[in-house]
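Single-letter residue listing:
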Amino acid sequence: MEKKYINLREILIGIMFMLLLAFVGARAVQVQIYDGPWLSKKASNQYEKSFTNNGRRGTIYDRNFREMAVSIEVTSIAAYPMQITDANATAEALAKALKMKAKYVLQKLKTDKKFVWIKRQSTPKETAAVKDLQLDGIDFIPECNRFYPNTTLAAQALGFTGLDGEGLEGIEFFYNRYLKAEENNYTVFKDALGNGFKAEPDTVTLNRGNNLVLTIDSNIQFITEAALQEAVNRYSARSGISIVMQPKTGAILALAHYPFFNPNAHTDFDKELWRNRIITDPFEPGSTMKIFSAAAAIESGTTTPNTIFYCENGAYRIGKNVVHDINRHGWLSLQQIIKFSSNIGAVKVGEKIGPKRLYQTFRNFGFGEKTGIDSPGETTGSLSYYKQWSNIDTGAISFGHGISVSALQLICAVSAIANDGVLMKPYIVQAITDHLGKPLKTFKPQKVRKAISTQTAIRVKNMMKTVITKGGTGVNAALDGYSVSGKTGTSRKIDDNGTYSTKKHTASFVGFTPSENPEIAILVIIDEPQTEFYGGIVAAPIFKQIAQDTLNYLGIPPQRINNKLRVARDSETRG
Amino acid sequence: MNDRQYNAHTGGYDVQLLFPVLFLVGIGVVMVYSASSALALKKFGSDYFFLKKQAVFAIMGIVVLVICRHLPYRLYRQLSYPLLLLALVFLIAVLIPQFGVSAGGAARWLRIGRFTLQPSELARIALVIYLAYSLEKKGDQLKDFSVGFLPHVFILIIFSSLIFKQPDFGSVVILGTLTWLMLFIGGARIRHLVATIVALLPIGIYLVMSAEYRWKRLLGFLDPWQYPSDEGYQIIHSLMAFGTGGIWGAGIGKGYQKLFYLPEPHTDFIFSVIGEELGLIGILIIIGLYAWILMRGIQIAKSTEDAFGSLLAVGLTIAMGLQVVVNMCVALGLLPTKGLTLPFLSYGGTSLVLNMASIGILMNISTTRRA
Chain B
1 MEKKYINLRE ILIGIMFMLL LAFVGARAVQ VQIYDGPWLS KKASNQYEKS FTNNGRRGTI
61 YDRNFREMAV SIEVTSIAAY PMQITDANAT AEALAKALKM KAKYVLQKLK TDKKFVWIKR
121 QSTPKETAAV KDLQLDGIDF IPECNRFYPN TTLAAQALGF TGLDGEGLEG IEFFYNRYLK
181 AEENNYTVFK DALGNGFKAE PDTVTLNRGN NLVLTIDSNI QFITEAALQE AVNRYSARSG
241 ISIVMQPKTG AILALAHYPF FNPNAHTDFD KELWRNRIIT DPFEPGSTMK IFSAAAAIES
301 GTTTPNTIFY CENGAYRIGK NVVHDINRHG WLSLQQIIKF SSNIGAVKVG EKIGPKRLYQ
361 TFRNFGFGEK TGIDSPGETT GSLSYYKQWS NIDTGAISFG HGISVSALQL ICAVSAIAND
421 GVLMKPYIVQ AITDHLGKPL KTFKPQKVRK AISTQTAIRV KNMMKTVITK GGTGVNAALD
481 GYSVSGKTGT SRKIDDNGTY STKKHTASFV GFTPSENPEI AILVIIDEPQ TEFYGGIVAA
541 PIFKQIAQDT LNYLGIPPQR INNKLRVARD SETRG
Chain S
1001 MNDRQYNAHT GGYDVQLLFP VLFLVGIGVV MVYSASSALA LKKFGSDYFF LKKQAVFAIM
1061 GIVVLVICRH LPYRLYRQLS YPLLLLALVF LIAVLIPQFG VSAGGAARWL RIGRFTLQPS
1121 ELARIALVIY LAYSLEKKGD QLKDFSVGFL PHVFILIIFS SLIFKQPDFG SVVILGTLTW
1181 LMLFIGGARI RHLVATIVAL LPIGIYLVMS AEYRWKRLLG FLDPWQYPSD EGYQIIHSLM
1241 AFGTGGIWGA GIGKGYQKLF YLPEPHTDFI FSVIGEELGL IGILIIIGLY AWILMRGIQI
1301 AKSTEDAFGS LLAVGLTIAM GLQVVVNMCV ALGLLPTKGL TLPFLSYGGT SLVLNMASIG
1361 ILMNISTTRR A
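The listed protein sequences derive, respectively, from chains B and S. Using this note's numbering, you'd call the opening residue of the first sequence number 1 and step up by one each time. Using this note's numbering, you'd call the opening residue of the second sequence number 1001 and step up by one each time.
Some clues are possibly wrong.
[To be verified] Simulated crosslink set (BS3-like; lysine-lysine; CA at most 30 angstroms straight-line):
#  : chain 1 : residue 1 : chain 2 : residue 2
1  : B       : Lys370    : B       : Lys447
2  : B       : Lys42     : B       : Lys113
3  : B       : Lys131    : B       : Lys114
4  : S       : Lys1254   : B       : Lys41
5  : B       : Lys41     : S       : Lys1042
6  : S       : Lys1043   : S       : Lys1053
7  : B       : Lys114    : S       : Lys1042
8  : S       : Lys1216   : B       : Lys110
9  : B       : Lys114    : S       : Lys1043
10 : B       : Lys271    : B       : Lys101
11 : B       : Lys114    : B       : Lys125
12 : S       : Lys1254   : B       : Lys49
13 : S       : Lys1043   : B       : Lys42
Worth flagging that the hints you see were computed from the coordinates, not collected in a lab. Remember, it's a predicted structure, so these values are computed and weren't measured experimentally.
So here's chain B without its partners, still in its complex pose (with noise of 0.2 angstroms):
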């Protein structure tokens, strides 16, 4: 073999490999220049995660500052199943360390998703039972959990979160956008293993979210649920509400609805116990609205506590009806029908001024129109117009059927009496505060109207006192050492068939105290008691130990021992 040839060989394969590396030069090239933004994308889906962070919602607190609701960090335990290798394997050791289902586990983990959550909002333990696992593809994620450190406590009026932190029912639906924390939307690049590198989440800086001062005070709401929770269990009732406020305010002490439910758990219990029935369900009210027809009538001038009307014995036909009363009256005044809860005699009021005025009245008042309070949900309850009642409308709608409103509108409409006729607005925050507790907002007491005049207002006041004296149907209510206006309901409920029931009946008390100078106004309604139902009975004695403790709560001091107003509290009366 000569060495020329060996030469040409050698010099062919050197241009060989120049031309392969060429080759490769041109491959370099067009992968890194042409499919180059491609496979970059490509490449950055599979490392950078994206992440919203809802932050950390915003605390409530009551009146006093005492939390009602809070936000605290937990993690939630999630998994990359792209990166696991062992899908069996992982589901089972994640299964025993969650105390879940292997299968379940197994399930999400074989989804073509890049992310799934296994458990959401885990507990400390449990986090970290599964860091010591040391499971590939298992990522654990901050989070912020809703905490109602009260656990029952006003929780329909405070309502409660989702999972992802939006607020779903209550204040906390309501106020959503001021509790919630800005949300802070990050990415994380995360090895192939599932173990973050560069910005790591706890590095990220959770945003935070308004505070909300509430007018609740956390000690009368717990006073009112305490007599509410044993009243309902005594006569075996199906439910009770009972609202505790400010008549001069309209500030909100309590909103207190029984069954409880715990929102720290809501899924645990009935929806039906979630709503705040107070503001969003309409009831027919009965005889406490015959404190408005008394208004009314007194407003227009042409009646006075004193003027009488004939109670026809206990039964009065209208047209195909007859309207009765428990109780059989002759000839009563005006503060006598309050006072025993004529059913004719509001009749005989509605009857000398008319559905106009006492349609105009009750508008006044507020009934028919939202209160405008700061909860979702809210009723206007029905009020139809004057001019499509019959007479036995306006009749009915005298003492309170053939009309529903929420027990709000009917708190406020009190108030407004116990306010010198004035209406307030009904609310429940006070202030908004940022997260360093700088107030952002406060809400000041609002007037909606002037309902009646103060002559009015203090005349029917009075009448509504004579309620709590002996014969009165409200006796039940009255207090040791301070004076009560109030007046009771009695309504039957209808039935399905649309009918007046004999059996389901709605007590109701609704009064304020001192009369004087009133401090809180109370209204009690207890839902189908069984053992007893006239509201003098049932829901009276409940409005009295609320009144009781929160007036001594409070720090009100008694009125003078001498004083005309205590009463002898010697016989129960009916109405």
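Guided by the hints, dock chain S onto chain B, whose structure is given.
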């Protein structure tokens, strides 16, 4: 060729080899660190684990290069059979579980004391030396099938079947191609060479089809995006690395694919890590450096009067060149995945030291060629 002429040319080092090689080794040490730090930290608790070892290998490589530079290359004529025997012993030993070290389902390393050695790397050099020796010795007899062709193929088959058992299909292909090219240069009949290819084709197809992992790798190679989580995984992530790097690269240490996405980022896929971190610019520089080394190797072979020296030079160049081209093609998705390292850049002691030895030998040939 005589002793006087050796001595006359033992002065300097061939700068045209020394510069690109040291440059590549330097880049290699840096890139091995960049590529392996995350892996090392997770596996060994220190991100310097592979860096330290690679630095030691580099120093060992330089020492070996210096030694080989000064060892008269004609010495290898006498060493060709002993080396062949040594390689054979190692190749057999690696298959014995007590000596072999497995990784990723293949027994490719031999444990000797504290070190592990990759016998297939040694086998390649031994084969080159043997072929250069044998081709020179047989001269014109190469045209004869049984004398000039068969013995070389016989040695190849023994080596190949042993390496195949590891299994290391990539090295087999390299050895086969290397032998074929050397026979071509040495002057074997084209007829025989072409016939070999025709005969080998069905065997190759059978071998690919017979092992499931090879078949899957082929599928993954042909359509990687179809099998993104298994067969195509490596290719996809390698391509993503190149794509992310773009023209200028993400910067040293700033690549993402090495973070457990890319398997073997510091050995088989170091080229991809370079592609991501140093960009197309880095890739073209690396290719240029290899081209320089290969051209220089060919030039040394061409200008060496001594047939053994010439064949040895071209053989070493081919062995290195094949390794380079195949590794790059795999990284760029042009060839199915093989467990082959990139000379001077990939982590691995045997590969680095023996490639440096090859350069040392080439330098020695270079200094004596104009005799």
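The hints, checked one at a time:
1. Restraint check: the Cα-Cα separation between lysine 370 of chain B and lysine 447 of chain B comes to about 14 angstroms, which is no more than 30 angstroms; the hinted pair holds.
2. Distance restraint check for lysine 42 of chain B and lysine 113 of chain B: the Cα-Cα separation of roughly 15 angstroms lies within the 30 angstroms cut-off, and the hinted pair is therefore satisfied.
3. In summary, the hint linking lysine 131 of chain B to lysine 114 of chain B is supported, as the alpha carbons are separated by about 20 angstroms, within the 30 angstroms threshold.
4. Between lysine 1254 of chain S and lysine 41 of chain B the CA atoms are separated by roughly 16 angstroms; this keeps the pair inside 30 angstroms, and the hint holds.
5. Between lysine 41 of chain B and lysine 1042 of chain S the alpha-carbon distance is near 27 angstroms, which keeps this suggested pair within the 30 angstroms criterion.
6. Taking the CA atoms of lysine 1043 of chain S and lysine 1053 of chain S, the gap is near 15 angstroms; set against the 30 angstroms cutoff, the hint holds.
7. Of the pairs offered as hints, the one joining lysine 114 of chain B and lysine 1042 of chain S holds, with about 23 angstroms between alpha carbons and a cut-off of 30 angstroms not exceeded.
8. For the hint linking lysine 1216 of chain S to lysine 110 of chain B, the alpha-carbon distance of about 22 angstroms falls within 30 angstroms, and the restraint holds.
9. Straight-line distance between C-alpha atoms of lysine 114 of chain B and lysine 1043 of chain S comes to about 26 angstroms, which keeps the hinted pair within the 30 angstroms bound.
10. Proximity of lysine 271 of chain B to lysine 101 of chain B is assessed by CA-CA distance (about 27 angstroms); at most 30 angstroms being required, the pair is judged to hold.
11. A distance of roughly 26 angstroms separates the Cα atoms of lysine 114 of chain B and lysine 125 of chain B; the hinted pair therefore holds under the 30 angstroms criterion.
12. The straight-line distance between the Cα atoms of lysine 1254 of chain S and lysine 49 of chain B is roughly 18 angstroms, inside the 30 angstroms bound, and the hint therefore holds.
13. Note on lysine 1043 of chain S and lysine 42 of chain B: the hinted pairing holds, with a Cα-Cα distance of about 28 angstroms set against a maximum of 30 angstroms.
In the structure shown, no violation is registered for any of the earlier numbered hints.
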